[in-house]
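Visitor: Build out the structure end to end from the sequences listed, making use of the hints.
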Amino acid sequence: MMDFAFLKYAIDLIAVLLLSLGIKGLSKVRSAREANRLAAIAMILAVVAVIVDFLGSSGISFYAWTWIIVGGLVGGLLGMVTAQKVPMTAMPETVALFNGCGGMSSLLVAIGVVLFLGDGEGKTFDLVENISLVVSVFVGAITFSGSIVAMAKLQGWLSTPVWTQSKLRHAINSGFAILSLVGAIELLLTGQSGLWLLVIGSSFLGIGVTLPIGGADMPVVISLLNSYSGVAAAAAGFVVQSQLLIVAGAMVGAAGLILTQVMCNGMNRSLVSVLFGGALGTGSSLTESGSSEYINITSCSVEECALTIEAAERVVFVPGYGLAVAQAQHTLREVTRVLEASGIDVCYAIHPVAGRMPGHMNVLLAEADVPYEQLKEMDVVNPEFPATDVVVVLGANDVVNPQAKNDPNSPLYGMPVLDVCEARTIFVVKRGMSAGYSGIKNDLFERANTSMVFGDAKKVLGDLLVELKELGVGRKS
Amino acid sequence: MEFSHTEALWVLLLGSLLGLELIGKVPPTLHTPLMSGANAVSGITMLAALTLIVRAGDRMPLLIIGSISLGFALFNVIGGFLVTDRMLSMFSRKSSRNKGSR
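Sequence lines, in order, name chains W and A. Start counting the first sequence at 1; every next residue gets the next number (the working numbering). Start counting the second sequence at 1; every next residue gets the next number (the working numbering).
It is possible that some hints are incorrect.
[What the hints assert, rightly or not] Dumping the calculated PhoX-like pairs for lysine-lysine here, alpha-carbon to alpha-carbon at most 20 Å: (1) K376(W) - K25(A); (2) K28(W) - K376(W); (3) K25(A) - K24(W); (4) K28(W) - K25(A); (5) K469(W) - K459(W).
[As the list claims (entries may be wrong)] Over 10 Å on every C-beta distance to chain A, these chain W residues come out as not near it, computed from the model: (6) L189; (7) W196; (8) T298; (9) S301; (10) H330; (11) E340; (12) P383; (13) P402; (14) N406; (15) T425; (16) M433; (17) N449; (18) F454; (19) G474.
FYI, nobody ran anything at the bench for these hints, they're computed from the structure. Yeah, the Cβ is synthetic: ideal placement off N, Cα and C, and Gly gets one too.
Guide: Have a look at this one:
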């Protein structure tokens, strides 16, 4: 008996050590992959420790084994398949989905404990246990519903309803919050009733808070929800009396919070304005009502675009979410191969929050075999724009909006952007004149040196490739 | 395996501090993988689900809830780690090739 308990603690300690090393290593490029494996090994050790502990004390019944294996196999296999099948462009949604399921798991544990482990064994919970149950239910439910909404919005299954942008949403969310609070207090006092009220209240609160948030801010929200799921896990750790669970949950909770902060800094937004400010643009009616119509738009054909690019010495591509949606990264790579072959200097300007998640574009372009050194971060590439002949903006919008620098009234004001308008000629490849995800008008489109090329990024790039080849680019020199 | 609440609260405090310290400066490239990796770790609630199943005895509803919970958690853990590895493999493949060509 004693030995088993000792063994469990020893394994737990090793697992905590590996987890810390793993999370630490994940923040450095060189060690990231090994660190991820370390963390995975730590998780396996953690499971081994729990099983060892049970074998040493109460034993595990045949029934229990059956249910463990069934649940584990189904979840594990689905996870495996999802991780393999999901396209690289859908990474943000995938992380949100996984995260939501983690929250759901904590929620279910808490529900199970409240419903069946409470009075049944004549055991009543004390205050700390009740608080952790409440936290587990509340945070677990918010994490689940919030993550699912985030996923649906990123997938485009859900749009931002208009009412969520009005003051009304604060009233509605406050209502849900009060509902949750009532449920929470009831659950705290009785340890039993109030559970469903809390579950429903907090689920709706998760939906109500996430729904109004614009896509540009989604990464921050997912990161925050990720932090929540750590908190939920720590609370579940109190419920089932597992120190390892508490440590790991607290670690993820705190680390997630830091990461959220880092991301907010990258976008020059405060967490409060992300959560309560609503989608960018609609918050300040000033810029929206004033000048939301585009007046001087120059559009041009792919052919003109090809002619300009052919004469250029230096071309910078600015990828954005549109590129990811169109799955145009491989076509883009073919275009740049042709350009490189004829001696044109090519690079890619990567804004830290281009796409729907930081690092989204890096992953996407890496998939298309783009050399790592051609990916230039904002600080590096911004001074180079004045010496650039042609900039091709592919489905990016807010991250190239000059308003962020020039217009103090703009909601984007202060956000670091790519100074593409410094370049000699700018082509913006875009499907239509709709606003970016933030819903803000982009002054760049009206500049004299900007031409719009309308169409799906993949199709435009494909046509461009044909035109360039017809011009003889890439064949000689 | 029982321990006092004071102990548990200390563990919570120290764990949080550890988490705050672990992540300092993160290059933007790694934001997504780091988030995804941390997310996989938060699936550690699978331990709670396991505990629930073992303690359930012959209470069928509890067994079912525990099993579903375990499924969700493992979906998070296994999917999370694999997806993170897939993302990171793209970076490492890139850098190793670059080293070769230089």
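Visitor: Are there hints from earlier that the structure breaks, and if so, what are their numbers?
Guide: none
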